[in-house]
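J.: Read off the chains here:
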Amino acid sequence: MAVAEETDVVAAPGAQPAAPVPRRAPEPRGRVITVGNVLRLLVLGALAAFLLYYVGLREIAETTVKVVLAVALTAALWIGANLIFDQAYSRWSRFNALIGAVTGFVGYFVAEANGALRELYDKRIRFAGQGVFDDVTGWRTSPFDVNGLLWGLIGGAALGVVLFALSAPRQQIARLPLSIIGFTAFGILTSFALDESVWPEFDWVKLWICVAVGVVLFFLVGLWRYGSSAAPLSAISGAAVGWAIGAWGGGDIGAGNRVGAIYATVVPAVIFGVRFGFATEPSPTKRRRIDQRSRSWIFVTPALVFIVAGLLAPLIRTIYLSFRNRNGTQSVGWDNYRTVFTNRNSVNLDNWQNIFTSRLFWVALVLIAIGIVVGIVLGRRTQQSFERGPASMGAIYVGLFILGCAIFSVLRGTIMNNLWWVVVVVPLATAFGLAVAVLADRARGENAAKSLIFLPMAISFIGAGIIWRFVYQARQVPSPQTGVLNALWIWIGEISAAPGKRAIAIAVLAVIALGLGYLIKFGLDARRTTTTMFSAGFLLLIAFVVYRLLGPGLGGYVETNGETVGRPVLFLQEAPFNNMWLMVVLIWVQTGFAMVILSAAIKAVPTELIEAARIDGANESQVFWRITLPQIAPTVGVVVTSLFVTVMKVFDIVYAMTNGSFGTQVIANEMYQRAFSQSNLGLGSALAVVLFLSVIPVMWINIRRMQRERV
Amino acid sequence: MTAGFVDPDRSSSGVYRFLRSIPTWVLWLLVLVWSIPTVGLLVNSVRTRDAQRTSGWWTAWRDFGDFTLDNYREVLGTTAAGGMKQGLTNSLAIALPATIIPIAFAAFAAYAFAWIDFKHRQGLFIGTVALLAVPLQVALIPLLLMYVNGAHWTVPWFDKTITIFPDLDLAGTTTAVWLTHTAFAMPFAIFLLHNYISSLPKDIFESARIDGANHFKIFYKLVLPLSVPVLAAFAIFQFLWTWNDYLIAVTMVGANQSAAPSTVVIAAQTGQFGQSEHLLTAGAFLQSAVPLAVFFLLQRFFVRGILAGSVKG
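Chains A and B supply the protein sequences, listed in that same order.
Number 1280 in the working numbering belongs to position 601 of the first sequence; there are no gaps in the numbering.
Number 263 in the working numbering belongs to position 184 of the second sequence; there are no gaps in the numbering.
Hints were generated in silico from the structure; no laboratory data involved.
Among these hints, one or two may not hold up.
Not everything, but these chain B residues come out facing chain A in the computed CB check (under 7 Å) [said to hold, decoys possible]:
(1) Leu167
(2) Pro221
(3) Leu359
(4) Leu371
All values derive from a computational prediction rather than experimental measurement.
Just so you know, even glycine gets a beta-carbon here, dropped at the ideal spot from N, CA and C.
Please work from the sequences and hints to get the whole structure.
T.: Quick look at the structure:
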């Protein structure tokens, strides 16, 4: 608790409504040594000590070294690229030499790694001595094949020299022979470097087709991008590229002789030489542009590579796989989707008529009817056809919510379950989050309360699932219940079964009912419909409890032979409402998320608005419903869309608590089971695509919001 | 001054004062309900197996003899593959690179999207943001296939197979897990950092350009130091997310227990909910200890990250 008091957690958004607002001056630094800071340091120290002691120095050091190496390597590559392109404007020759060296090195290195170059040095080398390094670190450094490194250096040096010579300032007339000689030399070097096993035998038809296609394609692109003067040069490049592709791609690799190898390398090199020989020295403006353009790609490419390789390409492949069989070897058309949507485990509407016998359904209808009636009656007072106040809309929303639960408890199946999750978790997490944000606003102990509500956000879904399994635990009757809920339920049952206790309970309830009755009277007198409605709602609830206590009984117990025996609820097994007990876990986690965002929005509502409303005689509840709520409506929209995505892909909670049995399957868990437990890639992909389709509206909303903001 | 349904003005009779305090009571009731599950886990984790099985944790105060640290000792004592020790190490090995590397890459990209003028900038950025909502399930199967076999493409007509991504034996390693996390984190990271970096004042960039600084210099001399708050916010967010992730970890690690992070370890323990549930309490608490500590220490940054990621979006 002390920690929670000290951290001004959720106060931060209050001070800074829209999170990082850089225009604002940095927050003034207070005293450095406060109780909070000391506590933080202590916790951090304890954590570090625990990890060091328990996980072990070596493991942590190893992890750290790996991370540092990975980061250093990335940083070196990135900074290196920047430094090279820094030269483009002012030092053109050096820039060219560097580009040549890097291209040559990478090209030869990759070629060698693929076994395309001959052996220069056939021994493997151990770096850092014979095992000294290994003994210290405990890692096995594998012996390194330096062949690739050597070839890389040779290729890099060669291409670097060629480009350097070419870029030195000189007469245009001397350029062509120099370029042809240089590139030809590089081509010959490459042809000698090639290993016998990759000498290609040409398929001349394919080769010439490739050259033709290359010429035409490059000519057109050059015409389109750079205009008619550059198009012929482009066409020459096209010929070189076409020749290389035709020779290596079209030919039969490994079946040819040395002549083939020379043709395949020297010819494109010579063509490139011609192309570069005709090129002119770039003007300073052009060099400036190279500098600029390259920069944008250097900055964007690393992220784009990850996005394309880790998200886009897999997304496309998933869609492709969803039309194929379980190994992806054969096309099956729409079969997987047909399975997903017509399988009785996915959508089961068989018992639809049961809904009319469900009590929830009728309660919901009555509530909605009450809401509509109240709205119309109140509307007459304000000369509107329908008053959309808290009383009418509250009743309607609660009614719709119960209606949703009634419907989805009858219509079963994986997809129906997912919809049920959406219908329950999204509104409830938003409502609880809003409630806490409003109730805690400027209340005493606001920060502590908020951080306690927020705390589940830091716990993993798996951890949350485990925590709640203990809450829902049910034990065989003679032994005492160890789950909170069952203990509570059986305790209520004991009260209900014992006449003495029952009388006390009813008396307590009667007192509360009296209070509520007073509130209703007050509400009617003062024309406070909201107060009246909420009190009446609670009164009905109490009436129901009293009826249960007096009549059929309440709580978990059964009477056998005049003896009362507790009867626990199997929260996770009793379908269909076990689904709702799983949803409670997600609500428990996500309320903190909704609260943080809504709280910040509430604090950002202009005080002038609220003051003006107060001066006009609005009370607290009217200020909330008429001013605050409409003001934060866009934020509520953001919360709802984010929650929707979270709920649609809910997986861990179901996995940890029931693993989809007892009628609690959801799409994400089924996808995991199909794809990874049963290795049915086709069906798993189809389920993933269904998930993807369901969030497309949210993607669209996000894009629209972005575009609006950037205008 | 609490907002609520009851009129706070006009009268100051006892009834009114009581009614006015109702919102605060409701608030603390909610807080109590929200805390019960966690407190229950914590209390149970320091009770003996028998005590956990025979009485509720709320009765623990009756008998202090039941308190013990044995559960923790036993959980921490398992050093075998699939044990908690290995799990925590692996969680670190996943969460650290999966936090640091996306930050770097996303910062580059965010700067470019915000301050470098290039073709297709808008389109690329909108496309990136569109990917924010994509459920990661859609990428899992192909990524796993790629880690297992590499990615190869047989070029039609030429009939040659090109290796796009070599088979590096990544399946079942922590590297596969953090690589995947890095990819999935990119859209959100770029979006978050872009929000911040694009709102830095324009003047500083202009004066830097006039002084002859190029983008590279501006980035590491100006943008990086100025963006520390948002970098911290994202770092916390990403660290908690990767530490707590289960789906990616269990998919990519698969059957290789020696690479399983802590979430996979405790999830495997739930399989035997009956026999060793007294250890599960301690295991779950240990798994949560790191994120909870980070949460309490750096809550402000965490909240800031969530806000920046949603309110402005």
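J.: Each hint: holds or not?
T.: Evaluated hints:
1. Leu167: holds, 5 Å
2. Pro221: holds, 4 Å
3. Leu359: holds, 6 Å
4. Leu371: The hint holds - B/Leu371 has a Cβ within 7 Å of chain A, the shortest such distance being about 5 Å.
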